[in-house]
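A.B. asks: Below are the chains, spelled out letter by letter.
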Amino acid sequence: MHPTRGSRRAGTAALLVCFSVVAAACGGEDSEDDTAFGEDADATVRAEGETLDVWIMEGTNPDAGPFFEDVEAAFTEETGAELNVQFVPWGSAHDQFVNSIAGGTTPDVAEVGTTWTSEFADAGALVDMTGQVEGAGLDGTYVEGLVEAGTYEEGLYGVPWYAGVRSIVYRTDVFEAAGVEPPTTWEELVEVGTTLKEHDPEMIPFPVSNAAFPYLSFVWGAGGDVAELDGETWTATLDSPEALEGTQFYTDLALEHDLSTPAASTWDEAALRDAFAQGDAAMIVSGSWTPGSIIEANPDLEGKIGAFPIPGKDGGLAPSFLGGSHLGVFETAENPDLAWSFVRMMSTGEFAEQWGEESGFFPGTGELLEQIASEDDPLVAPFATQMNEAGASLPVTPLYGQIEGAQIIPAMLQSILSEKVTAEEGLGQANDEMNEIFGS
Amino acid sequence: MSKAAVRSTGTDPSGPEQSGPDGGDPPRRSRRTGIRTGARQADHLAITRRRPWLLLTPAFIVLGVLLLWPMIRVVTLSFQDFGLRELVRGDAELVGLDNFTRVLTDRLLWQVALPNTLVFAAVCVVLTVGIGTLVALLLNQMTGVWRSLLLTAIMAAWAIPAVTGTYVWIYLFDARSGFLTGVLEYVGLVDTATTNLFTERLWFFAIATLNVVHHGFPFVAVTVLAGLMTVPKELMEAAEIDGAGPVKRFFFVTAPVLKPVFAVVTILSTIWDFKVFTQIYLMPGGDGANREVLNLGTWSYVSAMGQNQYGLGAAIAVLLTLLLLAVTVVYLRTLFKEEEL
Chain A
1 MHPTRGSRRA GTAALLVCFS VVAAACGGED SEDDTAFGED ADATVRAEGE TLDVWIMEGT
61 NPDAGPFFED VEAAFTEETG AELNVQFVPW GSAHDQFVNS IAGGTTPDVA EVGTTWTSEF
121 ADAGALVDMT GQVEGAGLDG TYVEGLVEAG TYEEGLYGVP WYAGVRSIVY RTDVFEAAGV
181 EPPTTWEELV EVGTTLKEHD PEMIPFPVSN AAFPYLSFVW GAGGDVAELD GETWTATLDS
241 PEALEGTQFY TDLALEHDLS TPAASTWDEA ALRDAFAQGD AAMIVSGSWT PGSIIEANPD
301 LEGKIGAFPI PGKDGGLAPS FLGGSHLGVF ETAENPDLAW SFVRMMSTGE FAEQWGEESG
361 FFPGTGELLE QIASEDDPLV APFATQMNEA GASLPVTPLY GQIEGAQIIP AMLQSILSEK
421 VTAEEGLGQA NDEMNEIFGS
Chain B
441 MSKAAVRSTG TDPSGPEQSG PDGGDPPRRS RRTGIRTGAR QADHLAITRR RPWLLLTPAF
501 IVLGVLLLWP MIRVVTLSFQ DFGLRELVRG DAELVGLDNF TRVLTDRLLW QVALPNTLVF
561 AAVCVVLTVG IGTLVALLLN QMTGVWRSLL LTAIMAAWAI PAVTGTYVWI YLFDARSGFL
621 TGVLEYVGLV DTATTNLFTE RLWFFAIATL NVVHHGFPFV AVTVLAGLMT VPKELMEAAE
681 IDGAGPVKRF FFVTAPVLKP VFAVVTILST IWDFKVFTQI YLMPGGDGAN REVLNLGTWS
741 YVSAMGQNQY GLGAAIAVLL TLLLLAVTVV YLRTLFKEEE L
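For the protein sequence lines, the chains are A and B, in the order given. Letter by letter, the first sequence follows residues 1 to 440 in the working numbering. Letter by letter, the second sequence follows residues 441 to 781 in the working numbering.
Hint data in this document are derived by calculation from the structure and do not stem from the laboratory. Hints may be right or wrong, so weigh each one.
[Stated by the list, open to error] Sample of chain B residues facing chain A (criterion: CB under 8 Å; computed from the structure):
| id | residue |
| --- | --- |
| 1 | LEU620 |
| 2 | GLY622 |
| 3 | GLU625 |
| 4 | THR635 |
| 5 | ASN636 |
| 6 | HIS654 |
| 7 | LYS699 |
| 8 | ASN730 |
[To be verified] Quick partial rundown of chain B residues pointing at chain A, CB under 8 Å, derived from the structure:
| id | residue |
| --- | --- |
| 9 | LEU524 |
| 10 | VAL528 |
| 11 | ARG547 |
| 12 | ARG616 |
| 13 | PHE638 |
| 14 | ARG641 |
| 15 | PRO672 |
| 16 | LYS673 |
| 17 | PRO696 |
| 18 | PRO724 |
| 19 | GLY725 |
The model shown is predicted, which means the values in this text are computed figures rather than measured ones. Think of the CB as a built atom: it goes at the ideal place given N, C-alpha and C, for glycine as much as any other residue.
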């Protein structure tokens, strides 16, 4: 009849039921047994005949197959164990993690999105790796923002693997034709946009969408922030004058200066990229990992796109969210030492470097990052600068996951962009909703 | 009376002879064989009495595992503070009616989700059943190749998965380059320079309605067609001879005969249209980014599942079930008179 109608909901309900059955089944059992690491974090582990199950997100590296064949060969050589890598699509990864956490079928090691790490750590699904990182002399080598995101209640649950940051990707040919240079202040951004619009009215100079990450750069750029930590509790700060200034400017790009299109108000970041790849937009806020896929989608743009860091209000750089992935070891890992040797192998040295080169992401260690920033690739250097000088982080608390789940920021932007509320009203509502979740 | 008699024979092996008609049969047989003692008669009785239950046991076990147990769990969950942490550790705190209070005091529920759901479901059900019936009547008139062609076309609409279908409608109404948006602009209904159809509540639901009705009417058409084929030809001929036109024949002959069929398709459509999730969630802004277009399905997902608050989600599920039960009961009551039920 209607097998798919409401299937997502039905699926969720079924999921809920599965959870509850499983939870009831495991209830009372000793889920507290700590997965223990061996004494020496630097030791070579030999584990012939064992298999290490690993989940890696799909699509980060367009050519991940051959990469992991190399990793597998090196891993087997070092430890004697087999490596079983499964690729999981980003879109369904969170559900799959939650499912497997509930069913006790988590892999030994997995790539975990940086905003999920504290959530899974809070749930008790991940192993604290502080001791291992210190033992192997790796503390202090990882990129600070990623360590912060992987830390939960003073334990390191996610080892930084790679990172990405958003900057503005633009069409060099269009800029050239209109005779403009990449803007370095907000005022210039408006001027450049207006000139582009006059030059080619069909093209959207700067689509303003309801996606949270591009928007947040403007809040940070005006000196505002999402929330601040006061003792143990977070308090939303979107009602600050700085946040209002940033929000007003960002939404006015569409409403006042007409640099966007009404359609863009419901675009997510993928839709922004699609519009850019189709040649409909001149500038978009986009990740360091995206130019490759944009060119792949439309080979005509080869050599016609560039990047510049998101300008701050009066010059300088506006901070941009430092996203990326951690490697986490799950409580269910049979041989934690074997799991750790995989994490160490992936997050440092040769494989971390190669992964960064192939995926367009930056390695999670400071040393490798500096090396990349010094190579002057026009599609890489601006992002590296942005990451080094202006990487920003969101509140590291499982509660922020709830705020994302409740779509508070996209909902606010949507209602401002469709002129149902003013920026001030929208921010006030969003601020209240966030505080309700923060419990402050 | 007879039940009481059976029960009394079962517990009292000494007096099977005094039992009623149900209990009387086995002793008569035992007299015929002539070798059973009182105790053995009682055993035999007990087995006979339990046999139906024994035969039903497998079905009950399956139902219990698949239906009853999950339902009990969902109800239990709805009284607990249950999140990801509880999922892993297995212990959950009882919070009484907290989840229900939170659900029922949510401004979004009363001002947005519920009205959207009710109006949307009502419109969709009326259109789905209406169009489905008209198409069924058309199909019933057709024969041969044309009928097969139309049936195939209908089946195609039905066979498209909801996700695919929804994306097709989204493309057709794309705010910048959609074909139907272009048509609407051409006739002067929208101005794409200033409006995004998907951010307007009415347009959003108009598009969702098209999608849901397009996907739902084939089921109604096929079911009603099956019913139409069972309407006795004699009735129609008699009505025609009595001078009834096609409209009268439909309302006074076909419709009463098909009443049970209409009852089924309407109830099923109501339940489906109440629970619509995919078609709304996938539309631009439907995932919670546009608060104005939340319906019960997306609202509960965004406020509970999207935030790993499974206790809250369970409370919503319980309330939704009760609501649908109430709707169904009221509908059935008004449709059939007491004695017909």
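A.B. asks: If a hint holds in the structure, say so; if it doesn't, say that too.
C.D. replies: For each hint, the structure was consulted:
no., hint, in the structure
1, LEU620, "violated, 14 Å"
2, GLY622, "violated, 13 Å"
3, GLU625, "violated, 12 Å"
4, THR635, "holds, 6 Å"
5, ASN636, "holds, 4 Å"
6, HIS654, "violated, 12 Å"
7, LYS699, "violated, 20 Å"
8, ASN730, "holds, 5 Å"
9, LEU524, "holds, 4 Å"
10, VAL528, "holds, 5 Å"
11, ARG547, "violated, 11 Å"
12, ARG616, "holds, 5 Å"
13, PHE638, "holds, 5 Å"
14, ARG641, "violated, 10 Å"
15, PRO672, "violated, 28 Å"
16, LYS673, "violated, 29 Å"
17, PRO696, "violated, 25 Å"
18, PRO724, "holds, 3 Å"
19, GLY725, "holds, 5 Å"
In terms of the numbered hints stated before, the structure departs from hints 1, 2, 3, 6, 7, 11, 14, 15, 16, 17, listed from lowest to highest.
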